[in-house]
Amino acid sequence: MTMGVTEISRGLAAGKFSSVEVTQDYLARIAQFNPALNCFISITDELALAQARQADARLAKGEAAALTGVPLAHKDLFCTDGVKTSCASRILDNFIAPYDATVIEHFKLDGAVMLGKTNMDEFAMGSSNENSYYGCVANPWNTAHVPGGSSGGSAAAVAAGLAPGATGTDTGGSIRQPAALCGVTGIKPTYGRVSRYGMIAFASSLDQGGPFARSAEDCALLLRTMAGFDRRDSTCSEQTVPDYPASIGRGVEGLKIGLPVEYFAEGLDNKLATVIDTAVGELRKLGAEIQDISLPNTGLSIPTYYVVALAECSSNLSRFDGVRFGYRCEDPVDLEDLYKRSRGEGFGAEVKRRILIGTYALSAGYYDAYYLKAQQLRRMIKDDFQKAFASVDLILGPTTPEVAFKIGAKTDDPVSMYLQDIYTISLNLAGLPGMSLPVGFVDGLPVGMQLIGNYFDEAGLLNAAHSYQQVTDWHLQSPELSI
Amino acid sequence: MSDWESVIGLEVHAQLATVSKIFSGASTAFGAAPNTQACAVDLGMPGVLPVLNREAVTMAIRFGVAIDAEIDHHSVFARKNYFYPDLPKGYQISQFELPIVGKGHIFISPSEGVTKEVGITRAHLEEDAGKSIHDQFPEQSGIDLNRAGTPLLEIVSEPDMRSAKEAVAYARKIHSLVRYLEICDGNMQEGSFRCDANVSVRRKGDQKLGTRAELKNINSFRFLERAINHEIERQIALIEDGGRVVQETRLYDSERDETRSMRSKEEANDYRYFPDPDLLPVIISDEDIARIRAALPELPEQKKQRYIDALGLSDYNAELLTGNRDTAIYFETALAAAPQLSAQLANWILGDLTGALNKTGIEVTSAPIAPAMLAQLVTRITDNTISGKIAKEVFEAMWQGEGSADEIIAARGLKQITDSGAIETLIDEVIAANPEQVAQFRAGKEKVLGFFVGQIMQQSQGKANPGQVNAILREKLKP
Amino acid sequence: MTLKSEDVRNIAHLARLHIDDDAIDQYASDLSSILSLVDQMNQVDSSGVTPMANPLDATQRLRDDEVTEIDERDKFQQIAPDVAAGFYRVPKVIE
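Line by line, the protein sequences are chains Z, E and H.
Numbering-wise (my numbering), the first sequence opens with residue 1 and increments by one.
Numbering-wise (my numbering), the second sequence opens with residue 1 and increments by one.
Numbering-wise (my numbering), the third sequence opens with residue 1 and increments by one.
Where hints are given, some of them may not hold.
[Stated by the list, open to error] Interface residues of chain E toward chain H, partial, derived using beta-carbon atoms under 7 Å:
| hint | residue |
| --- | --- |
| 1 | Gly25 |
| 2 | Ser27 |
| 3 | Asn35 |
| 4 | Val51 |
| 5 | Ser141 |
[Unchecked claim] A short, non-exhaustive set of chain E residues, derived as facing chain Z with CB atoms under 8 Å:
| hint | residue |
| --- | --- |
| 6 | Ala40 |
| 7 | Met45 |
| 8 | Leu49 |
| 9 | Pro50 |
| 10 | Asn81 |
| 11 | Pro85 |
| 12 | Lys89 |
| 13 | Gly90 |
| 14 | Arg272 |
| 15 | Phe274 |
| 16 | Pro277 |
| 17 | Asp278 |
| 18 | Leu280 |
These are computed hints drawn from the structure, not numbers from a lab.
Backbone N, C-alpha and C define an ideal beta-carbon position, used for all residues, glycine too.
Construct all of the structure, not just a fragment, from the sequences and the given hints.
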């Protein structure tokens, strides 16, 4: 069984092993299992070992931070100075980032080690990691199935023990859904908790970066480093970052948890619903008070999301034009040709679909009907949550309507893919924090339970998840990997 | 021609004089080597984000206060989406529905004694694009993004102007104002102050506006006037010939003195404006506005009024002196050295000094005669040390760098003769030497006085005080 | 909401995306189904609701006016497709 982040951190501090040893172990596992799983786009072994050596020196001097020497993987959406950053797209296949994302800087300051950049849906657009220029990622629990997306590579890497922790980004569920489908723990913080500088943008008002790990305890450690004010990001919050690892031992006695009736209606797989019920029972046993609540505008969240996200992304992706970086088509005839072929050849089909819809939604005559309307519905969705939080501390539900589906099962119908996000999307619209933790299996595939908190209550979420994880062992289970 | 009316509105883009860009910390200094002042944010690198420059906001508010405009307490940045190589992100961050400055107005003086109010629809903040050059590489254009991200204040006038003259007066007024406010250096050659004109024509009495053409690429007030006049003629001729004016952008070609249609950059012009999600609403409080208002420098209107009321200058002179902030500063500095001589200083500055500046082709800030020095010269006239005529000679010498007025007067022995005894003696000599002219004068020929004055001036090398000469001469010539 | 091939071509042009002729119909179909999904928004009356600009209704922080960036042209241009004499180069643009 591979170790978690906290365990590695303690082990390094106690001198049980060195960062170089741990890093070499993970690099060996990656070499062995990545070819079949395709979790990584880039494996930065030399860099990792150099960082590990530096970390060991720091540990020896007694100047280490909690994450010094801990090997991690980063979603290939975070700019990493001098290292390829592709967003799983042909248009950035040749892009060596000229600077570090703030999140990466935070990890570097702490002395963490970077194993490589993980696979994802192209430009974070997808829920299955089937939209990658570098091919699909396989779910380590059943390689014929998807790992979820868009942070499929990071989730699968943690599930398969190729990294004890990894970063992801979540715009409509892209941390929580793959965490659920791969049986790991992941958290999307409050909008503005983690800096977006250097995190290549999909939908600016929805994107947030967050960690994957094997437990809430591990996630707490990672989130503490990732979070914090950044003056380079106007949307980043100045609120102080709590000491998350110190906030997770409080138990859930008296904690009020709301179950939205809309999340347990038709569309939810029966077996999955049963698993969630069992998990809820565990929380009851721990002293939590469960009650029904209603989030009436849940049904609107998908169309609302797709207008906002696609409109914003259509604009965010305009900078990929073959002029200053990235893919440029061969022998452009004129400027129009340069733009159209560089972008047409560089972007995959799903990305192009989304750019087209977003462009349409913003075009003359449609702004009021689409974008403006969606921003109004967003407020209504947020108000639903605020009403609910007047009577409960946390909201609970399934992360996904079904477990991991087969690779290729939904690629012919984009809309059926979009419906996977039904439980996760509304949080992004409201800007609330949410996490997913493993609570069982259906047909051999993991089931994730989602916890939703009020603004900046990541500590509350991590605490509840940790309490659950202290009396259950779903999070300790690992898939059998065949080479 | 006379039953046609032209309707003109101007859009001015003023580059704000901040040291860093509106959304990044790169420098805005002019003239750097290509792409050496374009940081990751200006280049539109993947993952970068904008953060708003406080000074740009302050400068915009200053302008709004100066034109008596509504300042929007809640203002929003919007993305204007289009593709062009000098626009790295594929969108320009601008303002659309909620600009920082709303409706205001200024007063212009298109000709002497005439005042007209011109409305300003709005002024908003936006980022400048980079520059393209087309003559350096054979089949390619070169893109320099140093300018990308420089803050611009786009000032949009109401279509209140009815002639090229009015348009130029407006442009000059705005130019003067932004320099007074120290928010823009107004350097049209360097592109920090750009005027586009929207021109249409209609028959007099028509209420409906004609189709307008937008004129661009005008970088001097002279060209502005020519371009507008040319465009008015073109449109009238077109319509009289049975044609219709097309709404389009036309570039002014100063060499050919004509406007020509620009090949459309973005035919559809569908900018798909929406609020920029990377930026948050800008909240401005009444305290902010009050603080900025209190810190405003004296504005041209106030200055002009003060010159009229407190210094007794004429409307015309006051207008001219305050039209250019540097001229006003020169005047006030000189006045500090000679506080009683406002009218005389005004005349000397607007007359001889301006004449010399124009002839030499230099700005008042580079004048070889310092304000205090001019004040001294003018003082020497009023204290009778020299005559007005001699003063012009001294001015010339000062301009050539020969020294101060006192130094030149001493060196050249130019002191006026004011001793009445000496003057009397001179006059007596001249009268004695010219008995014919004496007789003529006494017979009634007034004009002959000039002859005597001329003679006396000649004998005295121009140094005799003309006033005294006149008075004593008349006395002595009495029959 | 159904989009025709002509609509797809227009939008693709606005977005500067080349789409192969034989793919246009598929795009029209896919986009139409997505737009039908989106049209569900019309089921709800949202009149009078203030549009949300930012999830936390936060407001813009201002930055001091100072130069904080240095010249990193070489680093940035190393990854550029075509640069010369410090300029980025594109096919000639006629104005």
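Of the hints given before, which are not true for this structure?
none
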